[in-house]
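Trainee: Take a look at the letters that make up each chain.
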Amino acid sequence: MNHGEAAITGVGSVSPAGAGTGKLWDALIAGKSLATTDDALAGLPVDFSCRVPGFDADAVIGRRLSWRMDRFTHLAIAAAREAVADAGLDPATWDAPRIAVILGVGSNSLDRYHILFRYLREGQAKRISPLSIPRSVPNMVAGEVAIDLHATGPNLTTSNACASAATAIGTALDLLRARRCDICITGGAESLLSPIAAACFWRMNALSERAEDPQGASRPFDADRDGFVLAEGAGVLILERAADAQARGARIRSYLTGYGASADAHHFTAPHPSGDGAAQAINAALRDAAIEPADIGHVNAHGTATRLNDLAEARTLRQVFACPPPVTACKGVLGHSLGAAGALEAIATVLSLEHQLIPPTANLDRLDPDIDLDVVAGTPRPARITAALTNSFGFGGQNAVLVMRSA
Amino acid sequence: MSELYDKIADILTTNLGVDPELVNPDATFAVLDIDSLSMIELAIMVEDQCGFKIEGLDADSTLAQAAALLEKATQQQQASTPCGAQTATTP
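Chains as they are written, first to last, in this note's numbering: chain A, 135 to 541; chain B, 28 to 118.
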C-alpha cells in the first residue's frame, strides 16, 4: 500500500550550468562536463571544479542580506525563490505556520575559515567576525530560507554527506504524510570549493586528478574514471500533499511516491562492496511507493565517478533489478555538489519524467567492463517512463533513495 | 560631516548593504537595522579600513556619534604613539 504521495509543484536550481532550472536541463541534455580550471584552487594538485558561473549574490538577493551569509545560503535562497515562484505560491499570503523548510547540507561552509585560522595564528582573535558561526553552520541554510520566505513551520537541516538532500526530501515527504505541515520547501545546498575543502577531499583520494583535462575528469561508470569533481549548487523542490495541490489547481510536475533510507554500517567512507545497504534503501523506497522493481523505467544514479561507488552502485542495481532500467549519472556534467547533489538529481528526474527523456552521462566513452548496466551515453535517450528512482549515497554509509512517478 | 563619517556611511552602504537613503548623521543603528553582531562586524571593517578601533557604540548611537567616537579614537591613538615609543625605550 502506498503511504501517500506528494505532488512536486515547483522546482528551482542553481547549478554549474547557472541560475535557473532551464539552464540545468539544457546542460544535462547537452551532456558536456562543466568542469573548468578554478583560480581559487590554483597551486593545488587538483585545481579545477564545477562552480556556478556568474552568480552575483548581491544582485540576486541584495547586499543587505548577502553580506551576512556564506555562498551556500546565497545559492539556496536563489533556488528556493525560483521553486516557490514555479509553484505559483505567494509567501505574502500563505499560511506561514504550515510551511516547512527541510534542506540538506553536507558540511559547514569553509569559505572564510582559512582567514580565521590566519587571524588566530597571528594572535588577532579580535579580528574574527562575530558572524563567522551564523554564516557558516549548516542549519543556517534552512533558517535563512525560512526568514527570506517567511515560512514559520518545521525547519530542519539534514546532514548526511552526499545523501543530505535526498534525506531532506524524504523527510519532507514523511512530514507531509504526518500532516505536520502543508507545504515543504525541500532540497539541498552546498558550496565547498575552498582550498581547504579541496585539499581534504584530494587527500582522501576522492577527487579526479585529471588536471590536464578538467572537462574529461568526471566520468561516471567509465573504465578510466578516477574520482569526482567538486561542484557547488542548490536545488529546491516544493512538495504538497497531492490532494491539496489538486485542490488549489496547482500545476503538478510529478509525484514523489516513495522514500527509503538505510545505513551500510560498514566503513566510514567506503560503500559496502556488496551494495547491501544501498539495495536495502532501494527496496524500502519501492515498498514505500507500493511498486515493483519492474515498474521503474529509469534510474538517476548517484554515479560519483569514484572507482568504488560506481562499482558498488552497479552491483546494487543488478541485485535489485532483474533487468536494470536505463541509468544516467548527472555528475558527469555537473560534478559532485555533495549536499546539493541529491536535490539537483531529483530535479533532473522530475524533468526526465516530464520530457520522457534521459540525459546522457558525460565522458562515458568506455563502460567499465565490471559494470553491467545500460548507462545512457552520447545523446539523450527518449524513453517511456512512468516511474523513476534516484539514488544518493553518503560517506558514513548513509543511503537515501527517492521514487517518483510522472504526473 | 567629517571624512570619518563618510567612511562609516560608505561601509554601511557598500559592505553592509544599508539603503543609502536611510543614512544620515542622526540615524541610529537601530533605525538602520544594524544589530549588535553587525555592529561588531562594522567595527572590524572600520578598523581594517581606517586603522582605528571604534568602541562604546550601542543600538541607539547615531552615525554622528559614531563618527565622533572614531575621531576621538584617532586623536588618542595619534597622541599615544610617541608616549608608547618613549615607554618602550625606557630601561
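By construction, these hints were calculated from the structure, which means they are not laboratory data. Any given hint might turn out to be false.
Stated by the list, open to error - Computed from the model, here is a short list of chain B residues facing chain A with C-beta under 10 angstroms:
id, residue
1, 42
2, 46
3, 65
4, 66
5, 67
6, 73
7, 74
8, 80
9, 92
Bear in mind that the values here come from a model prediction, so they are computed numbers and not experimental data. Note that the Cβ used here is the ideal one computed from N, Cα and C, for glycine as well.
Trainee: Give a verdict on every hint.
Mentor: Structure-based check of all given hints:
The beta carbon of residue 42 of chain B is positioned within 10 angstroms of a beta carbon in chain A (closest approach about 6 angstroms), and the interface hint is therefore held. Interface hint at residue 46 of chain B: satisfied, since its Cβ lies 8 angstroms from the closest Cβ of chain A, which is below the 10 angstroms cut-off. A distance limit of 10 angstroms between C-beta atoms decides the matter here; for residue 65 of chain B the minimum to chain A is near 7 angstroms, and the interface restraint holds. Interface hint at residue 66 of chain B: satisfied, since its Cβ lies 9 angstroms from the closest Cβ of chain A, which is below the 10 angstroms cut-off.
Hint status for residue 67 of chain B: holds, given a least beta-carbon distance of 4 angstroms to chain A, under 10 angstroms. A hinted interface residue such as residue 73 of chain B counts as satisfied when its beta carbon comes closer than 10 angstroms to some beta carbon of chain A; here the least separation is about 12 angstroms, so the hint is violated. A hinted interface residue such as residue 74 of chain B counts as satisfied when its beta carbon comes closer than 10 angstroms to some beta carbon of chain A; here the least separation is about 8 angstroms, so the hint holds. For residue 80 of chain B, the suggested interface contact is upheld, since its CB lies about 9 angstroms from the closest CB of chain A, less than 10 angstroms.
Below 10 angstroms, beta-carbon pairs count as interface contacts, and residue 92 of chain B has none with chain A, the closest being about 21 angstroms; its hint is therefore violated.
Violated hints, in rising order: 6, 9; the structure is consistent with all others.
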